[in-house]
Amino acid sequence: MASLSLEIITPERLLLKAEVSSVKAPGSIGYLGVLPGHAPLITPLKAGVVTYKDGGSEKKVAVSGGFLEAGATRVIILADTAEKAEEIDVERARKALERAENRLSERAPDLDVARAEAALKRAEARLKAAGAKH
Amino acid sequence: MPNMRDLKRRIRSVQNTQHITRAMKMVAAAKLRRAQSQVTAARPYAAKLQEVMQRLIVAVDPESQPLAASREVKKVGYVVITGDRGLAGGYNANIIRLVEEKLRSEDRPSGLVCVGRKGREYFKRRQVEMVKTFSDIGDIPEYVQARELARQLIDLFLQGTFDEVNLAYTRFRSAISQEPQIDQLLPIKSSGESDESGEYIYEPSPAEVLQSLLPRYCEIRVYQALLEAKASEHGARMTAMDNATKNAAEMIDKFTLSFNRARQAAITREISEIVAGADALK
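In order, the protein sequences belong to chains W and Y. Per my numbering, the first sequence starts with residue 5, numbered consecutively. Per my numbering, the second sequence starts with residue 42, numbered consecutively.
With the rest of the complex left out, here is chain Y (with noise of 0.2 Å):
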């Protein structure tokens, strides 16, 4: 029989556990709302910045841009964006196997740049050339920071460090389900046809206006990938916490059972010794 004082501690812990795990919930859950409402907000721009594009290749041959030109892949640089944080679940775990899974399987050679501290830290300890590492993104991406990592992207790709470059991170699907995708950043690719062409004066050229346009797209895609990594990050935490949650109250429920059990136990034993004393005296 379990001993009383030992379930009562025992009960007081879990209790302490569910109110940090409640609380890491309903702060993951506030985040997810903010990071939520980031990525409805950069549709607008994304999706103009894509409609222009797609016009622009048909009319602009995209091999003479350099962040457009496909080449003779030498090396492959993947982006890994994992949290800066643990707790959340599947969450790092996820991305960091597809991406381990990835490298397996490639043959070309390949090079990292870790955004997050998690996924550096498990790469680190592996074969794998880190080419370079950020962290500190923080609860919500900024777009200044997408600029930066999508400048620095786009240096590795046009001084030949890497000659393809992909990005690996989490889409958000729902507050429960996100799914770990890699997407091909550099060299650009058109994707799809343009129903409308041809109708447009480009000032000063087609090409001027598509070479200041390329930069961009590749910041709004960085910026979009950070976005969906967050809120999933944020969604995931949401998820695990709230399993924590719940399972806190399962075992306290348990344990509380096992301790008025052994509480019953002690009293009726009690007076089963009372009555065996009173019975002796008779």
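Okay, chain W solo, but in the shape it has when bound (with noise of 0.2 Å):
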């Protein structure tokens, strides 16, 4: 069968080279399916989870935003930050989008609120990988 070649990196690091059969990633506008045999595409990345098979089993990162570059058998996702779903710390992850919600309801008036939302969605991405109930 067809398979892609999954790499994502993040400034820091190489987190993954892989070969997979599919990757779904968050999209600016949207999930987006990648299968082999797409045509080449960019595209940024929100905060949110990328999903890929490999063999039979799906496994999970999140993601903070980026961008992915998509090829028919290859895919780069070039993230801001990135985290496999077993390295996620979820009580971490769990104070963060805590703390986030709080500052977002409290509306401090020198509140960055761009910067508040942009932790709530990474803390979002983070428990959703792990798979971890909010």
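It is possible that some hints are incorrect.
Only pairs whose alpha carbons sit at most 25 Å apart, straight line, appear in this in silico DMTMM-like list of lysine to aspartate or glutamate [what the hints assert, rightly or not]:
id	chain 1	residue 1	chain 2	residue 2
1	W	Lys125	Y	Asp196
2	W	Lys50	Y	Glu183
3	W	Lys50	Y	Glu249
4	W	Lys64	Y	Glu244
5	W	Lys21	Y	Glu183
6	W	Lys50	Y	Glu92
7	W	Lys50	Y	Glu244
8	W	Lys99	Y	Glu189
9	W	Lys88	W	Glu73
10	W	Lys57	Y	Glu244
11	W	Lys28	Y	Glu240
12	Y	Lys173	W	Asp116
13	Y	Lys72	W	Glu16
14	Y	Lys89	W	Glu73
15	W	Lys28	Y	Glu92
16	W	Lys50	Y	Glu189
17	W	Lys88	Y	Glu183
18	Y	Lys89	Y	Glu183
19	Y	Lys116	Y	Glu104
20	Y	Lys89	W	Glu16
21	W	Lys28	Y	Glu249
22	W	Lys125	Y	Glu189
23	W	Lys21	Y	Glu92
24	W	Lys50	W	Glu128
25	W	Lys50	Y	Glu240
26	Y	Lys72	Y	Asp283
27	W	Lys28	Y	Glu244
28	W	Lys99	Y	Glu183
29	W	Lys21	W	Glu62
30	W	Lys125	Y	Glu249
31	Y	Lys89	W	Glu23
32	Y	Lys89	W	Glu11
33	Y	Lys173	W	Asp114
34	W	Lys50	Y	Asp196
35	Y	Lys66	Y	Glu291
36	W	Lys125	Y	Glu244
37	Y	Lys230	W	Glu73
38	W	Lys125	Y	Glu183
39	Y	Lys89	W	Asp58
Derived by calculation from the structure, the hints in this document are not laboratory data.
Given two chains presented individually in distinct reference frames, assemble the corresponding complex, making use of the accompanying hints.
Structure representation (structure tokens):
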């Protein structure tokens, strides 16, 4: 079966390099799926969960924005930050989520709304990738 | 003839110094290795981003992007990346000298953003406007720090404080050779032509993709500059401490030699005194 070579790269490291059968990623205008033979595409990513199928199992990676470049045989994700599901510190993500929610609900006058929202999205993505409920 | 007790004391003091410089050298070597691996780790991301940007710049007019549009330069900003600590040979002095020369030959008004304590301390005493300062980057810069710095630089550029932003940092060539240099950061210049263009689909549109790409490009450039500067600092410190250790060894040899000579002289003198005394009794 045709496969895709998936690379997830952050500025700090090459997180992942694998042969996969499909990739799902949080594009800036909605989730998109990539299968082998995809037309060349470049799109920004939002904070969210990248899901890929590696053999039979489905694996998840939380990303906090970046880019995706897809081609017929390869997918490259340039992520601002990325963490594999098993690396995620659920407790920390939950706390970050709480903090962001509090900041947004209190609406302090000097609040950087865009930043707090971004933090919220990031924490949500982490929890979702780790498969935790919140 | 030098006093034996003094010589002994000096030997001990130089030995203590040597212990310290040797330890600093090893610490710097370990940190250098980590910094170097960070530099390597950042490369694939930077290369890919650069590639995508090159392709996009062909498809989109760069002048339509605030971060890439060049405008009349009323004020130039220099970001000076130095270390927080000294004892790194000529590392801090070299980059400061380069910036100093650049400022002297610069006929447009200019301002500084100092990263690292050493640069800040130096330029504080000079007649230059310091717009912002950063310190405590640590031994291994993190991407978060680079992002923060890049965002502030972008803000300064977009608000019109600076119409051009340059990065002055030390490029890492090898552990014994580092080269200070100045690169333009903003406005972003597209360099070179892309060989493959037009075959990609950009979602939602090339302009929008470019718009979210340019700030990240700035961030990675700043990140790489910070990493290179840190690797250079550790390299320079390692070399400097290696030299210091060698010099200390040389000094110890010299002092040991004079110490032995003084000891021998004392013995000879004592013998000749005894012999002279014995002779006198004959």
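Here is how each hint holds up against the structure:
Of the supplied pair hints, the one linking lysine 125 of chain W and aspartate 196 of chain Y holds, its CA atoms being roughly 23 Å apart against a limit of 25 Å. A threshold of 25 Å between alpha carbons decides the hint, and for lysine 50 of chain W with glutamate 183 of chain Y the separation of about 22 Å falls inside it, so the pair holds. The straight-line distance between the Cα atoms of lysine 50 of chain W and glutamate 249 of chain Y is roughly 13 Å, inside the 25 Å bound, and the hint therefore holds. Restraint check for lysine 64 of chain W and glutamate 244 of chain Y: satisfied, since their Cα atoms lie roughly 23 Å apart, inside the 25 Å limit.
The straight-line distance between the Cα atoms of lysine 21 of chain W and glutamate 183 of chain Y is roughly 23 Å, inside the 25 Å bound, and the hint therefore holds. With a CA separation close to 21 Å, the supplied pair lysine 50 of chain W and glutamate 92 of chain Y stays within the 25 Å bound. At roughly 13 Å between alpha-carbon atoms, lysine 50 of chain W and glutamate 244 of chain Y fall within 25 Å of each other, so this suggested pair holds. Between the alpha carbons of lysine 99 of chain W and glutamate 189 of chain Y the distance comes to roughly 22 Å, so the proposed pair stays at or under 25 Å and holds.
Taking the CA atoms of lysine 88 of chain W and glutamate 73 of chain W, the gap is about 19 Å. The hint holds against a cut of 25 Å. As the CA atoms of lysine 57 of chain W and glutamate 244 of chain Y are separated by approximately 23 Å, the hinted pair is consistent with the 25 Å bound. In summary, the hint linking lysine 28 of chain W to glutamate 240 of chain Y is supported, as the alpha carbons are separated by about 22 Å, within the 25 Å threshold. With a CA separation close to 21 Å, the supplied pair lysine 173 of chain Y and aspartate 116 of chain W stays within the 25 Å bound.
Between lysine 72 of chain Y and glutamate 16 of chain W the CA atoms are separated by roughly 16 Å; this keeps the pair inside 25 Å, and the hint holds. As the CA atoms of lysine 89 of chain Y and glutamate 73 of chain W are separated by approximately 10 Å, the hinted pair is consistent with the 25 Å bound. With a C-alpha separation of about 23 Å, the suggested pairing of lysine 28 of chain W with glutamate 92 of chain Y holds against the 25 Å cut-off. Distance restraint check for lysine 50 of chain W and glutamate 189 of chain Y: the Cα-Cα separation of roughly 19 Å lies within the 25 Å cut-off, and the hinted pair is therefore satisfied.
With a CA separation close to 19 Å, the supplied pair lysine 88 of chain W and glutamate 183 of chain Y stays within the 25 Å bound. Between lysine 89 of chain Y and glutamate 183 of chain Y the CA atoms are separated by roughly 20 Å; this keeps the pair inside 25 Å, and the hint holds. At most 25 Å may separate the alpha-carbon atoms for a hinted pair to count; lysine 116 of chain Y and glutamate 104 of chain Y meet this at roughly 19 Å. At roughly 14 Å between alpha-carbon atoms, lysine 89 of chain Y and glutamate 16 of chain W fall within 25 Å of each other, so this suggested pair holds.
At most 25 Å may separate the alpha-carbon atoms for a hinted pair to count; lysine 28 of chain W and glutamate 249 of chain Y meet this at roughly 21 Å. Straight-line distance between C-alpha atoms of lysine 125 of chain W and glutamate 189 of chain Y comes to about 19 Å, which keeps the hinted pair within the 25 Å bound. Between lysine 21 of chain W and glutamate 92 of chain Y the alpha-carbon distance is near 19 Å, which keeps this suggested pair within the 25 Å criterion. Distance hint between lysine 50 of chain W and glutamate 128 of chain W is fulfilled; the C-alpha atoms sit about 12 Å from each other, no more than 25 Å.
Taken as a hint, the lysine 50 of chain W and glutamate 240 of chain Y pair is honoured in the structure, with Cα atoms around 24 Å apart against an allowance of 25 Å. Between the alpha carbons of lysine 72 of chain Y and aspartate 283 of chain Y the distance comes to roughly 15 Å, so the proposed pair stays at or under 25 Å and holds. Between lysine 28 of chain W and glutamate 244 of chain Y the CA atoms are separated by roughly 15 Å; this keeps the pair inside 25 Å, and the hint holds. Among the hinted pairs, lysine 99 of chain W with glutamate 183 of chain Y is consistent with the structure: their alpha-carbon atoms are about 22 Å apart, no more than 25 Å.
Of the pairs offered as hints, the one joining lysine 21 of chain W and glutamate 62 of chain W holds, with about 15 Å between alpha carbons and a cut-off of 25 Å not exceeded. As the CA atoms of lysine 125 of chain W and glutamate 249 of chain Y are separated by approximately 21 Å, the hinted pair is consistent with the 25 Å bound. Distance check on the hinted pair: lysine 89 of chain Y and glutamate 23 of chain W sit about 19 Å apart at the alpha-carbon level, within 25 Å; holds. A hinted pair counts as satisfied when its Cα atoms are at most 25 Å apart, and lysine 89 of chain Y with glutamate 11 of chain W qualifies at roughly 11 Å.
For the given pair, lysine 173 of chain Y sits about 21 Å from aspartate 114 of chain W by alpha-carbon distance, which is consistent with the 25 Å threshold. Simply put, lysine 50 of chain W and aspartate 196 of chain Y have alpha-carbon atoms about 22 Å apart, close enough for the 25 Å limit, and the pair holds. The straight-line distance between the Cα atoms of lysine 66 of chain Y and glutamate 291 of chain Y is roughly 17 Å, inside the 25 Å bound, and the hint therefore holds. The suggested pairing of lysine 125 of chain W with glutamate 244 of chain Y holds, with an alpha-carbon distance near 21 Å, which does not exceed 25 Å.
Simply put, lysine 230 of chain Y and glutamate 73 of chain W have alpha-carbon atoms about 23 Å apart, close enough for the 25 Å limit, and the pair holds. At roughly 22 Å between alpha-carbon atoms, lysine 125 of chain W and glutamate 183 of chain Y fall within 25 Å of each other, so this suggested pair holds. The hinted pair formed by lysine 89 of chain Y and aspartate 58 of chain W meets the criterion: a straight-line CA distance of about 24 Å does not exceed 25 Å.
In this structure, none of the earlier numbered hints is contradicted; all agree with it.
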